[in-house]
Each structure stands twice: as C-alpha cells, then as structure tokens.
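A.B. asks: Read off the chains here:
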Amino acid sequence: MVPLEWYIWLATAVFAIGVAGFLTRRNIIIMFMSIELMLNAVNISLISFSYYLQDLRGHILSFFVITVAAAEAAIGLAIIISLFRNKATVHADEMNEMKG
Amino acid sequence: METALKFPVLTPAMPEIIMLIGALAILMLDLIVRKKDFIALASLILAGLVAYNVFGAAGETFGGMFVADGYAMFFKLIFLVSLMLTILISIKYIEVERVNYGEYYSLALFSTLGMMIMASAGDLIVLYLGLELMALSTYVLAGFLKHSLRSNEAAVKYFLLGAFASAFLLFGISLTYGITGTTDIRAVAAYISENGLSENPVLLLSVILFSVAFSFKIAAAPFHMWAPDVYEGAPTSVTAFMSVGPKAAGFAVIGKVFLIAFASAKLSWVQVLIPVAILTMATGNILALMQTNIKRMLAYSSIAHAGYALLGIIAGGAEGMAGVMSYLMIYAFMNIGAFAIVILLRSEGFQGENISDLEGLSKTHPLYAALMLISMFSLTGIPPTAGFIGKFYIFVSAVNAGYTWLVVVAVIFSAISAYFYLRVVMYMYMREPKEEVRLTTSPAVNLALAISTAAVLLIGVLPSSVIDLAMYAAAGF
Chain A
1 MVPLEWYIWL
11 ATAVFAIGVA
21 GFLTRRNIII
31 MFMSIELMLN
41 AVNISLISFS
51 YYLQDLRGHI
61 LSFFVITVAA
71 AEAAIGLAII
81 ISLFRNKATV
91 HADEMNEMKG
Chain B
1001 METALKFPVL
1011 TPAMPEIIML
1021 IGALAILMLD
1031 LIVRKKDFIA
1041 LASLILAGLV
1051 AYNVFGAAGE
1061 TFGGMFVADG
1071 YAMFFKLIFL
1081 VSLMLTILIS
1091 IKYIEVERVN
1101 YGEYYSLALF
1111 STLGMMIMAS
1121 AGDLIVLYLG
1131 LELMALSTYV
1141 LAGFLKHSLR
1151 SNEAAVKYFL
1161 LGAFASAFLL
1171 FGISLTYGIT
1181 GTTDIRAVAA
1191 YISENGLSEN
1201 PVLLLSVILF
1211 SVAFSFKIAA
1221 APFHMWAPDV
1231 YEGAPTSVTA
1241 FMSVGPKAAG
1251 FAVIGKVFLI
1261 AFASAKLSWV
1271 QVLIPVAILT
1281 MATGNILALM
1291 QTNIKRMLAY
1301 SSIAHAGYAL
1311 LGIIAGGAEG
1321 MAGVMSYLMI
1331 YAFMNIGAFA
1341 IVILLRSEGF
1351 QGENISDLEG
1361 LSKTHPLYAA
1371 LMLISMFSLT
1381 GIPPTAGFIG
1391 KFYIFVSAVN
1401 AGYTWLVVVA
1411 VIFSAISAYF
1421 YLRVVMYMYM
1431 REPKEEVRLT
1441 TSPAVNLALA
1451 ISTAAVLLIG
1461 VLPSSVIDLA
1471 MYAAAGF
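Protein chains in written order, with the working numbering: chain A, 1 to 100; chain B, 1001 to 1477.
These aren't lab readings, by the way, just hints derived from the structure by calculation.
Quick reminder that beta carbons are idealized off the backbone N, C-alpha and C, glycines included.
It is possible that part of the hints are untrue.
[To be verified] The calculated label-pair distances, taken between Cβ atoms and stated as ranges, are:
1. A:His91 to B:His1147: 16 to 24 Å
2. B:Arg1098 to A:Thr24: 34 to 42 Å
3. B:Glu1095 to A:His91: 31 to 39 Å
4. A:Phe63 to B:Met1225: 49 to 57 Å
5. B:Phe1055 to A:Tyr51: 28 to 36 Å
6. B:Asn1400 to A:His91: 50 to 58 Å
7. B:Gly1059 to A:Ala70: 29 to 37 Å
[What the hints assert, rightly or not] Straight-line C-alpha distance at most 25 Å; calculated DMTMM-like pairs for lysine to aspartate or glutamate:
8. B:Lys1036 to B:Glu1103
9. B:Lys1146 to A:Glu97
10. B:Lys1146 to A:Asp93
11. B:Lys1146 to A:Glu5
12. B:Lys1434 to B:Asp1357
13. B:Lys1363 to B:Glu1432
14. A:Lys87 to B:Asp1357
[What the hints assert, rightly or not] A partial selection of chain B residues facing chain A, derived with a Cβ cut-off under 10 Å:
15. Tyr1128
16. Leu1129
17. Leu1133
18. Val1140
19. Gly1143
20. Ser1148
21. Ser1151
22. Ala1155
23. Val1156
24. Asp1184
25. Arg1186
26. Ala1190
27. Tyr1191
28. Ile1274
29. Pro1275
Produce the entire structure from the sequences given, and follow the hints as far as they go.
C.D. replies: This is the structure:
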C-alpha cells in the first residue's frame, strides 16, 4: 500500500508549484490557474487523510472545495472580463492605476 | 419510537435563514420594483429583523457545526450595524456614481450572511464556507463601478489575493484535519491538549498557514499590500463596508481558531502574531503619513487599527477577546462616520477624494466639519471619544497579560497616527476654502452620520454599555 506520507508530499509539492506560479507569473489567467492548482493540492491531501483516517469529513470538505472553486472561477473570470472591457490587458504589471 | 432520520433544530440558525431568504427575495424584488430606494428600505428592514432575531437565537445545531452563543451574537451585531450604516450611506452615493442597481444591496446582504456564518462556525468546514460567501460577494462589490478602470483593478487585485489566501486557509485546515482527525473546533482543541501535540511541527506549519490566511483577511502586514489599492479603487460605500465587516469577521475566526482550537499551542502562535502586530502598526501608521488621497489614508489607518486589535488576541483570555470585540464595535461606528463625510464630498463631476478637498470645510459646512472632527479624534484615540475607550481596554488587557513593552510600542505608533488624523482637522479648520465645495447630502447619510457620531460620543462617555456586553460575550474564553 502506498504510505500516507507520499500523498502528503505530492500535495505539498503541487501546492508549492501553485504558490511559485502565482508569485512569478504576471498573466492574470495563469495566476488564477495557479490558485486552482493550490486548491486541488489541498483536495489531494484531504482525500488521502480521509482515506487513511477512515473518516468521511475530508471527502465532504473536498466536495465543498470543488463547489466553491467553481463559484470562484465564475466570479473571477467575470471580474477579469469587466477589466478587459475597459483596458485590453491580462497582464498584472499593467494594472497600475493606483500607486502610493 | 426514535427514528434514524431527525430534522435538525433550526432555531439557533434562524437569523441566518431569514437573512438568506430575505436576500434572495430582494434579488427577485429587483426585477419588479423600479424604485431602488424601496429596495434599500427593504434591505434595512431585513437587517433590522435579523438583528432582532439574533437576540432570540441561542444554542447549537447541525451536530455542533453551528453555534449561536454570546460570542457569535456580539459579532453579528457588529456586522448588522455596519451593514445598516453602509446601506444608509450608499443610497445617494450609488445614484451619483450611476450604478444604482438592486443587486448592490443583495450582494451586501449575502456578504453579511457569510460573516454571520463565520461568527457562528463550530466547525472548520462551516468557517471556510462562510468565509468564501463573504469574500466572493465582496469581490463583486469592489468591482461594482463597471466603467471605472480603478474599480475593475481593485476587484481583480482583491480577488486574486483573496483567493490565494483562501488556499492557504484550506491547506491549514487540511493539515489540522490530518493530525487531529476532526474538523470540529472544540474537538481539535481537546485532541491537541490530550495528546500533547502543541509542539508538533505539522501543527506549527498549520498555525503559520492559518496566520497567513487570516492576516490577508484583516489586512495585517506583511500581507496588507492589497488593502490600499482595493480601498482606493472600490466605491467609497463599499470601502466603508469592507474596512469594517470583513475585518471584524476575520477577527471572529481568529478568536475561534487561535483562542479555542489552538489554545494549548498558544506559545507557538503568539510568536508568529507579535512580529505581525508590530509590523502592521508600523506600516499602517508610517505609510499613512504620506498619503494625499483620503481613502488611501483611511486604508493605511485601517491596517494600523488591525495591528492594535491584534494585541488583544495576543493577550488572549476573556479580557483580551472582550477588548478586541468592543474595539471592533467602536471601530465600525467611527470608521463609517469618517467614510460618510468622504461620500458627501463626491458629487457629479467631482471626485472629492483628496485630503485638500476638505480645506476650509469648517467655514462652508461647520456641522459636517465638526462630525469629521469627532471621527478623526476617535480614530486617534483622544478622550472623551469611543476610540480612546477601545484602545484603553485593549492595552490594559495586554499589560495584564505581561506584554507591557508591546503596549509601549503601540502607544508610540498611536502617537504618530495623531499626525495624519489631525492633519485632516487642520485642513478643515485652519485653511481657507479654495473653491466652493458642494456636498451631496441626503437624509439617509445624515441619519448614518447622526447614529455613528452619537454612538462614538455615547460609548466614549458611558463605556460600560459596550464593555459589559463584550465581557459577557467573551466569558467563554
């Protein structure tokens, strides 16, 4: 049987990739994808904990995470589109209306 | 005969259920009703009805996942007060900004519903869901000025960083679940103290992840960078709402997670929160000194106030938590009072966001200048205003907990803050008006100003009204 640690290391690695992607990439869509990657890393860890603990809570939470991520995607993309209508860019560095 | 299927008792969750049904009804009402003032009035009545029900709802339901105790009640009152004041200051403002749509009010109601669920959460799953409901509604509100590039930008920044922070929160929840095998907040606390896990490195990692996520929500340094841009770009009424409600909700869950779930690991999270609190007070107060935009200045001021409130969390116990709670209640009144004046300055074709726009306000509008003066004095913490009382109780609780040096640091930063708050007063009272300033007054804004100023003065003179209630609400810690 695959030990629990492997799954947790996998989840941590995927989460770290997501964090690194969010911090280094400047395209808003790719930053958003990195956040989704982080959420899915959390799902991996939740499901593996849930399986090894033989407890359903982790499964339930992961379903909620998937649902909320869908809502978040809908709202996030809507916000990005409304920005794009006023200024045709998806580059984070070009969002510089406010400074100080 | 007892059946396996039992319907949960709904009484403790009644305020939330009414809020949900009402918010959905108002969303529908928007299709039929042309006059948006009516929708604002309906939202106000709904908020009042919910506040009335908050007092009657006590107990826990859904297997301990939803807890309506004194603690939750006090926070719900803060959220509902800030919601009502926000609605009052919004009515005229969103008309001036030409975004007079009904969904503005239902989004604010949904956001408040999320905060109420956070304050009542007995389980980390419920806490997460409440937080997301609050955050998702607030992202949309921040970008409500569809045709303003600054508002779009604010929404994108708020959304990206907020979603980033929620992912940290989830990873923290997942690790806590992994170590303790449960997500119930009290069961987590019991498991940690029974098994002596307070020094566990994985638990420490999850404490750090929670700290990062909550620091984003309450805009504590070094995770405050979004706040000035979002506060400046968002519609002013939404900024007033965001700087009070979600911040108070953030503190409600910090109290639940750190002071209840991780109570036995206090030594480790205090070491994380002390540098965060000092850095927050430093960045908030020092960067506010050089702002020319008043919304931006109030954003840095709100960062600094999160730092003061963190002292109460660090002090811990019933006294510290009561200090934080009464502080947040007072902060709601004084901050919305200040934002109401900023909203008055906005009129057709005039932005009115620079501090210099207030020049000579005491000559042209002496009453409004006096109200702004009271808000600024209160934010500085000058007696006999409520701001002094709030700071006083937090600092006393920190001294009693043995953090005298931290209080000395906080008082020094508080003295620095006098410079930028009193500069606003100086502009109003000691400068000549350079041009005719036309204020967009309306009865609703006047009512909001009257309520917030009366509360600031009343709590300042009779502090026991709020302090006793907060002490009663925080008795469980």
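A.B. asks: Now look at each hint and say whether the structure bears it out.
C.D. replies: Okay, the hints, checked on the actual structure:
{"no.": "1", "hint": "A:His91 to B:His1147: 16 to 24 Å", "verdict": "21 Å, holds"}
{"no.": "2", "hint": "B:Arg1098 to A:Thr24: 34 to 42 Å", "verdict": "39 Å, holds"}
{"no.": "3", "hint": "B:Glu1095 to A:His91: 31 to 39 Å", "verdict": "34 Å, holds"}
{"no.": "4", "hint": "A:Phe63 to B:Met1225: 49 to 57 Å", "verdict": "33 Å, violated"}
{"no.": "5", "hint": "B:Phe1055 to A:Tyr51: 28 to 36 Å", "verdict": "44 Å, violated"}
{"no.": "6", "hint": "B:Asn1400 to A:His91: 50 to 58 Å", "verdict": "51 Å, holds"}
{"no.": "7", "hint": "B:Gly1059 to A:Ala70: 29 to 37 Å", "verdict": "33 Å, holds"}
{"no.": "8", "hint": "B:Lys1036 to B:Glu1103", "verdict": "10 Å, holds"}
{"no.": "9", "hint": "B:Lys1146 to A:Glu97", "verdict": "15 Å, holds"}
{"no.": "10", "hint": "B:Lys1146 to A:Asp93", "verdict": "21 Å, holds"}
{"no.": "11", "hint": "B:Lys1146 to A:Glu5", "verdict": "47 Å, violated"}
{"no.": "12", "hint": "B:Lys1434 to B:Asp1357", "verdict": "9 Å, holds"}
{"no.": "13", "hint": "B:Lys1363 to B:Glu1432", "verdict": "8 Å, holds"}
{"no.": "14", "hint": "A:Lys87 to B:Asp1357", "verdict": "29 Å, violated"}
{"no.": "15", "hint": "Tyr1128", "verdict": "7 Å, holds"}
{"no.": "16", "hint": "Leu1129", "verdict": "6 Å, holds"}
{"no.": "17", "hint": "Leu1133", "verdict": "9 Å, holds"}
{"no.": "18", "hint": "Val1140", "verdict": "6 Å, holds"}
{"no.": "19", "hint": "Gly1143", "verdict": "5 Å, holds"}
{"no.": "20", "hint": "Ser1148", "verdict": "8 Å, holds"}
{"no.": "21", "hint": "Ser1151", "verdict": "9 Å, holds"}
{"no.": "22", "hint": "Ala1155", "verdict": "5 Å, holds"}
{"no.": "23", "hint": "Val1156", "verdict": "5 Å, holds"}
{"no.": "24", "hint": "Asp1184", "verdict": "9 Å, holds"}
{"no.": "25", "hint": "Arg1186", "verdict": "15 Å, violated"}
{"no.": "26", "hint": "Ala1190", "verdict": "16 Å, violated"}
{"no.": "27", "hint": "Tyr1191", "verdict": "12 Å, violated"}
{"no.": "28", "hint": "Ile1274", "verdict": "25 Å, violated"}
{"no.": "29", "hint": "Pro1275", "verdict": "21 Å, violated"}
Hints 4, 5, 11, 14, 25, 26, 27, 28 and 29, counting from the list given before, are not met by this structure.
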